[in-house]
Amino acid sequence: MTEVILEARDLVKHYPIKTGILRRTTGHVKAVDGVSFELHRGETLGIVGESGCGKSTLGRLIMRLEEPTSGSVVFEGQEMQKASTGDMRTLRRDIQIVFQDPYTSLNPRMTVGDIIGEPFEIHPDVVPKGGRRARVQELLDLVGLNPEHINRYPHQFSGGQRQRIGIARGIALNPKVLVCDEPVSALDVSVQAQVVNLMEKLQNELGLAYIFIAHDLSVVRHISDRVGVMYLGKMAELGTEDEVYQLPTHPYTQALLSAVPVPDPTLRGKRQQIVLVGDVPSPANPPSGCRFHTRCWKAQEVCKVEEPQLVDRPDGEGQHRSACHFAEPRPIVDTVDVSHLEPDERFATPEVVDPEARAEREMSASEESRIAAGDGSEAVELPREHGSTPGDETRLVGNDEGQGGEEGHRRQP
Amino acid sequence: MTEPAIEAVSEQKAVGALDARGDVGEARSLWSDAWRAMRKNPMFWISAGMIAVFILMSVWPSLFTNTDPAYAILERSRERPNSNAWFGRNIQGYDIYARCIYGARASILVGLMTTIAVVLVGGAIGVFAGYKGGWVDSLLSRIGDVFFAIPLLLGAIIILVSLPRTTNYWFIIIKVVLALMVLGWPSIARLMRSSVIQVKPNDYVQAARALGASPWRVIRSHILPNALAPVIVVSTINLGGYIAAEATLSFLGIGLQSPAISWGIDISAAIVGLRTTPHMLLYPSLFLSLAVLAFIMLGDVVRDALDPKNR
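Residue numbers (the numbering used here), protein chains in the order written: chain Y, 1 to 413; chain D, 1001 to 1311.
Fair warning: there could be bad hints in the mix.
Partner residues aside, some chain D positions facing chain Y, computed with beta carbon under 8 Å [stated by the list, open to error]:
{"no.": "1", "residue": "1066"}
{"no.": "2", "residue": "1070"}
{"no.": "3", "residue": "1072"}
{"no.": "4", "residue": "1073"}
{"no.": "5", "residue": "1075"}
{"no.": "6", "residue": "1076"}
{"no.": "7", "residue": "1081"}
{"no.": "8", "residue": "1082"}
{"no.": "9", "residue": "1204"}
{"no.": "10", "residue": "1206"}
{"no.": "11", "residue": "1207"}
{"no.": "12", "residue": "1212"}
{"no.": "13", "residue": "1213"}
{"no.": "14", "residue": "1222"}
The calculated lysine-lysine pairs, modelled on DSBU-like cross-linking and capped at a C-alpha distance of 30 Å, are [what the hints assert, rightly or not]:
{"no.": "15", "chain 1": "Y", "residue 1": "18", "chain 2": "Y", "residue 2": "304"}
{"no.": "16", "chain 1": "Y", "residue 1": "82", "chain 2": "D", "residue 2": "1040"}
{"no.": "17", "chain 1": "D", "residue 1": "1040", "chain 2": "Y", "residue 2": "129"}
{"no.": "18", "chain 1": "Y", "residue 1": "176", "chain 2": "Y", "residue 2": "201"}
{"no.": "19", "chain 1": "Y", "residue 1": "176", "chain 2": "D", "residue 2": "1200"}
{"no.": "20", "chain 1": "Y", "residue 1": "201", "chain 2": "Y", "residue 2": "129"}
{"no.": "21", "chain 1": "Y", "residue 1": "18", "chain 2": "D", "residue 2": "1040"}
{"no.": "22", "chain 1": "Y", "residue 1": "82", "chain 2": "Y", "residue 2": "201"}
{"no.": "23", "chain 1": "Y", "residue 1": "82", "chain 2": "D", "residue 2": "1132"}
{"no.": "24", "chain 1": "D", "residue 1": "1132", "chain 2": "Y", "residue 2": "18"}
{"no.": "25", "chain 1": "D", "residue 1": "1200", "chain 2": "D", "residue 2": "1132"}
What the hints contain is simulated information worked out from the structure, not anything from laboratory work.
Even for Gly, the Cβ is constructed at its ideal location relative to N, Cα and C.
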């Protein structure tokens, strides 16, 4: 295991509930209530859980966008909560964030060049002034966007392209950790795949460590090395991707995984599905003892009284951390290794989109079509077409921006 | 309706062509893009032209007329428009055309100075209250409410009467500006506060904070550009309103007073001849309305141009 780069120590965030005319504090919403984990250099830690379980608050606490009620985040041995303003500025270079909604995470009044260039203006010593524009174009190229679009505004891009811009801003300062707060939840499935593939490619090239917050179990499984499952502000289970998905020991994880749809119609109704009763309790008044005991089929007297700790518990093959008194493995999801199979050629390939090749192709295509168009007035619309897998050429036919001449150019290669 | 549509189409084509060469080299900023959009808009040129003429009038009134606006020919009192006096003469026998030209100065000065003062004071208080939040916000908002509750004219009368009396032209202007500013800042502060609160939780503001941007930088490059549009629109409309308020105060006899020249004073003096000699009322009122209209039109054009989504 590589060294620990970031460690959350018993993070707690309570929001006061104020009522009445005098705005007295009558209670607390326990959004995050004692979460600890560690992140190793270059790995991806997935955080899953249902809405309102405190995932996003956790991300904001790690970014120090909010101060925790107690607990701390330690980055490379330095406690962030105690860092001075100057130290914090330097720390911010190493931890960056990508937000969920690509429609609100980019300032609509700044050009893409200004948005991605802003990190360099805040930290002027990273890149000298003269080299910033070139660096921004390099970043655009890296995330698979046309570097010529540096002067465009965010609203001229699609959702997937905007998220790429958000990622480019996040990696501009060469951070060591990138907190991704549901980075693909707002995108449709085909675009999700491209963004996730881009993130994997960037991790390989730049050695980033990700904290990948999401509620989509399959996306998290795809990208993560280790996975943490959250329930009502607490970590229920934490282990490697295989441990959590194949040998879940916490009843909540088991229930969650059993709800994952299986894309095989012959298995319909044949597999075991754990249906939980009741709703998630209010985080303002969480249950005593184990937070899951109100909905757990294994719950006993001890669960109401004593809170189970997140410690290593046997999972049949080895052991991994789980916060359940009665932790025992229960395989839920059958995993079939398909990596040796030949992909069906009738479908789009799952390969990583190669932005460099695409950018080159687009550049040459746009140049050709610019010549073809003569006045150049239409040609510029062409490079907007991004974010589709190569080989999926049918997309061009329905493109109302593409003119006849351009389509011809696109199809020829 | 068809003309603007054609206009828009041709504009899009032009923007497309611009992209073709502009995409690669030159850097473009929000304001340069706004200018590019504005200069294609005929409304901009009409309103800007009118404002330019009014400003020119207030700076060099002698460019427009050789007649002395303070030269009264009583025997020609209430004379109808003729080749000698284009807009006729009022009850004192003054040349109405000359007085309309010279009256622009008071209106433009009061309008511009009040708007600038209100935007600076109200805007700063609004940004501060909206960004800080908590008890600072509550305190500033309640103080604003106190001023908001005072009726504009009543408040202005009290302030103008309680300030030392003077006949100095500039001093009276400053007094009127002060009175309107004291009563006018809460509306801009409220507007600014609400748009700052609307913009502040956006992810791009959080992203800038996560990058380590200072509060000043966050306000300057993220919050203000996105929160300013309603303030620009409302303050240009208010500018027209302040010009009207100055005229009202002069009309009531507590703003500028004769021998100073103002549209308000002339409108007030023309009331006696409303039925017999309406031209005495018509021309100063026309100038007043045109000035108010020009600023409102300009505000509208600027708002459209500043919003990249409209392009």
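Here's how the hints hold up against the structure:
Given hint, residue 1066 of chain D at the interface with chain Y, is violated; its Cβ is 49 Å from that chain's nearest Cβ, farther than 8 Å. For residue 1070 of chain D, the interface hint is violated, since its Cβ never comes within 8 Å of a Cβ in chain Y; the closest pair sits about 50 Å apart. Among the interface hints, the one on residue 1072 of chain D is violated; its C-beta lies about 55 Å from the nearest C-beta in chain Y, farther than the 8 Å criterion. A distance limit of 8 Å between C-beta atoms decides the matter here; for residue 1073 of chain D the minimum to chain Y is near 58 Å, and the interface restraint is violated.
A least Cβ separation of about 63 Å between residue 1075 of chain D and chain Y goes past the 8 Å threshold, and the interface hint is therefore violated. Evaluation of the residue 1076 of chain D hint against chain Y yields a violated restraint, the C-beta minimum of about 58 Å exceeding 8 Å. With a least beta-carbon distance of about 50 Å to chain Y, the hint placing residue 1081 of chain D at the interface is violated under the 8 Å criterion. Checking residue 1082 of chain D against chain Y by beta carbon gives a least distance of about 55 Å; that is not within 8 Å, so the hint is violated.
Against a cut-off of 8 Å between C-beta atoms, the interface hint on residue 1204 of chain D holds, since the closest Cβ of chain Y lies about 4 Å away. For residue 1206 of chain D, the interface hint holds, since its Cβ comes within 8 Å of a Cβ in chain Y; the closest pair sits about 6 Å apart. At about 6 Å, the closest approach between the beta carbon of residue 1207 of chain D and any beta carbon in chain Y falls short of 8 Å, and the interface hint on this residue holds. A cut of 8 Å between beta carbons decides the hint on residue 1212 of chain D: the least distance to chain Y is about 4 Å, and the hint holds.
Among the interface hints, the one on residue 1213 of chain D holds; its C-beta lies about 5 Å from the nearest C-beta in chain Y, closer than the 8 Å criterion. With its C-beta approaching chain Y no nearer than about 6 Å, residue 1222 of chain D sits inside the 8 Å limit, and its interface hint holds. Annotation: proposed proximity of residue 18 of chain Y to residue 304 of chain Y holds, straight-line Cα distance about 28 Å (limit 30 Å). Of the pairs offered as hints, the one joining residue 82 of chain Y and residue 1040 of chain D is violated, with about 55 Å between alpha carbons and a cut-off of 30 Å exceeded.
Taking the CA atoms of residue 1040 of chain D and residue 129 of chain Y, the gap is about 34 Å. The hint is violated against a cut of 30 Å. The straight-line distance between the Cα atoms of residue 176 of chain Y and residue 201 of chain Y is roughly 15 Å, inside the 30 Å bound, and the hint therefore holds. Restraint check: the Cα-Cα separation between residue 176 of chain Y and residue 1200 of chain D comes to about 27 Å, which is no more than 30 Å; the hinted pair holds. Distance restraint check for residue 201 of chain Y and residue 129 of chain Y: the Cα-Cα separation of roughly 28 Å lies within the 30 Å cut-off, and the hinted pair is therefore satisfied.
Between residue 18 of chain Y and residue 1040 of chain D the alpha-carbon distance is near 53 Å, which puts this suggested pair outside the 30 Å criterion. A distance of roughly 34 Å separates the Cα atoms of residue 82 of chain Y and residue 201 of chain Y; the hinted pair therefore is violated under the 30 Å criterion. As the CA atoms of residue 82 of chain Y and residue 1132 of chain D are separated by approximately 23 Å, the hinted pair is consistent with the 30 Å bound. Proposed proximity of residue 1132 of chain D and residue 18 of chain Y is supported: the alpha carbons are some 19 Å apart, at most 30 Å.
Proximity of residue 1200 of chain D to residue 1132 of chain D is assessed by CA-CA distance (about 10 Å); at most 30 Å being required, the pair is judged to hold.
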